[in-house]
Structure formats: structure tokens, C-alpha cells
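Engineer: All chains, full assembly: derive it from the sequences and hints.
Each protein sequence line maps, in turn, to chains L and S. With the first letter of the first sequence counted as 1, position 13 gets the number 44 in the numbering used here; the numbers rise by one all the way through. With the first letter of the second sequence counted as 1, position 282 gets the number 290 in the numbering used here; the numbers rise by one all the way through.
Don't read these hints as lab results, they were simulated from the structure.
If you only want the chain S side, here are some residues facing chain L, beta carbon under 7 Å, derived:
#1 36
#2 39
#3 40
#4 50
#5 54
#6 234
In silico BS3-like cross-links for lysine-lysine, where the CA-CA straight-line distance does not exceed 27 Å:
#7 145/S to 204/S
#8 49/S to 49/L
#9 38/S to 22/S
#10 283/S to 49/L
#11 201/S to 87/S
#12 38/S to 283/S
#13 201/S to 145/S
#14 49/L to 38/S
#15 201/S to 283/S
We put the beta carbon where it would ideally sit given N, CA and C, even for glycine.
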Amino acid sequence: MSDRSQEYREVPPQAYDKIVGAARLGILTLAALGIAGALYGISRLDGLSHPDGRDQ
Amino acid sequence: MSRYTIPKPIVWAKKAIDRGLDACSEVVDKGAESFVSNVLKIRPAEPAVNDDVPEEVEWLESDRSQLKYRRDSLWAIPKMWTEMAAGAAGAGTYIVSRAAGNQVGMVAGWAVAAGVKGVLLFTDLGRPDRVWRVFAKPSTSWIARGSWAFATFAGAGAVSLLPFAPEPVRKGSGIVADAAGVFLMTYDGLFLKESKGVASWNSNTLPLLFLADAVQVGANVAGGMTRTAPGWMRALSVGSSAVSAGLHYAYVSELDNGNTAAKLSARDLTETAGKNRFVGDSFSLGTVVPAAINVLFGNKPCARSVAGAASAIGTLALRRSVLQAGIHAPVQNPPRRQS
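Structural biologist: Set out below in C-alpha cells:
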């Protein structure tokens, strides 16, 4: 049976929490960019409802 | 007399929605831990400290440590925080978009508030055939008041969007939908305030916090869905974000000065289980970041879209963290000490 602890780098719990927090922030950033892309795509339709050139 | 059985497609749809929301609610936290563990191959040197409620009670009031303070499990579920966030963000977006004359934003806001929230509310019913009962007794029930407000918003909002309806009808319906929408934006806080058994929900600040948050998410998402945001929309975004930030602080201060259950909730929101969500996602990402973007880059449509996305994530996180920080105090009196 191999010693699995050799495969992992152990860090203090506080540092581990910060690393997980950073990874979490990265995932949220990706999600936010996805939502932002959808909103920006919808904003392109806005001009279609204002043919008076309000979007110029 | 024949027994009523819920139609199978409704049962399947309810299960699918519940499981989908459960999975979505865990994807960020579990994904982050999985990434660190499986990709970066990092793990903590010692096991994480168990921060469950009973130990915190011991920390606060050692002579009552034998009593159970328990987290709420009835309302603190993905379906509830998702429908609350959908109602707030959708109604806010509809109202701000209507004020700005952006038809696309009105449709999107109405669809989220009436569609997403409506489906989630419907699937939350134990007996869909008795849906009419939730409208009964609006004089005493906040659930009934909310149901009327939701139905009014959905109906009047739909009429205001009909392209073939006469202009006065569309305008009048829009005003009615606006009024019902403002109620929807505040309603969840008023409804939670009636929960006497959960100190952190029975709060005067909570309805104001939910309203300010709904205004800021409405202004930001509506701003993210338009090519040119008028100056008042950006000012509304920044102003409501500032008010929301202040109310975040006021809410936690109120809990910190409350009873043991309220103190436990404040600790949840700022130090332990809910810190990432309340302080990180709701306060920082959902309030400070959108305001900063609007101040610095508010004239750029793509920047406003990012602000809208950040505030939408913050709105969901706020409702989730508040629901998950709901702690029921013990109902029995503590045992008397023998003298």
C-alpha cells in the first residue's frame, strides 16, 4: 500500500483555507464572466428597440 | 371519495429541479476544494476545526451547553434562496429598465421574476391542486400577501409588455407592476421578520437590506443590458450599493447586540460558515465591486455587464447566507442549578 501523503503537499490549515478561497474566487470570476457575457449579448439587442438612434 | 395523487410529470419535475439546485449550490465550494486537492495536490496539515453550533454555544454560554441550538433546515434550502434572489433581481431589473425605456431589460426582468420565481414557488407546493389556498387570508398571512404581489406583478407586467395593447393600458399596467415589484423586492425580508423563533431573521434591518440589495442589483443588471446607461441609472447603482453596504454592517451589528442565537448568526456571517458568502460574495463582490465599476468605467457597456453579473452573484449569496445563518434557539428553559 503506497503512502498517499507523499503525493500531497501539506500546508497549515489557515494557508489551506486561503488557497481554497482563492480557487473559489477563481470559479466565481468565471461564473461572473459567463453571466456578464450573457448580459452584454442582451445589451446588443437594446439598440434594436430604439431605432431612433438613442444608442449612438 | 377518491384520493388525490400529484401527477407524475410534476413529481419528476420537482425532483429534477431540487437535485439540479442542490448540485448548483455546491458547485463553487466543492469545485474549489476538489481543484486544490486533486489538481494542486494540496491538503491541510491538520483536520479542519468543526465549527458546528453546539461548540459555539459552549463558547458563548458554557452553562447552557447541554441545550441544542440548531440551524434551520426548512427554509435554508437552495430552492428558497434561488426564488428569493430571482424575485429581487427580476423585479428590480424590470422596474429600472421600464424607467429607462429599455424593452429588452423589461422582458428579461419580468421573465426572471415571474418565470423562474414562479416555477420554483409552484414546485415548492406540497399539493399543486390547492394553489389557491396560498392566496387566502392576506390580512394575516405574509405568504398570502406575497402571493398576491407576485400574481399582480406577473399579470400586470405581462400586459405592460404586450406590443399590441394600447399605450395607456401598457403604461397603467407598468405602474401597477412597479408597485407590486417593489413589494416583491422587500417581501422576503418582511416574511422572514415574522419568524419569531429565528433571531437573525426577526430583524428590522433585514427588509431594508433586501430592498437596498434588490435596487442595486436591478440598477446594475439593467445597466448591463443596455448600450447607454443614463446618468441616473449609474447614480442609482452607486447610491443603492452604498446604502446596501451600510445595511450589511447594520444587520451584523444588530445581531451582535442580540441574544445568543443572534450572536451565533453574526459569527456565522462574519467569521465561520457564512463568511465567504456574506462578506466575500455579497458585500465585496455584490456591492463594492459593482459600485466601483460604475464609478470608474460606468460609460463602458462591457464593464457595466460585469458589474451586473457581480451584483447578481451577490444577491444570491446574500439570501443564501442569511437563510443558512438562521439559528433556532432552544424552546425549553435551561435547567435550574441546585443551590
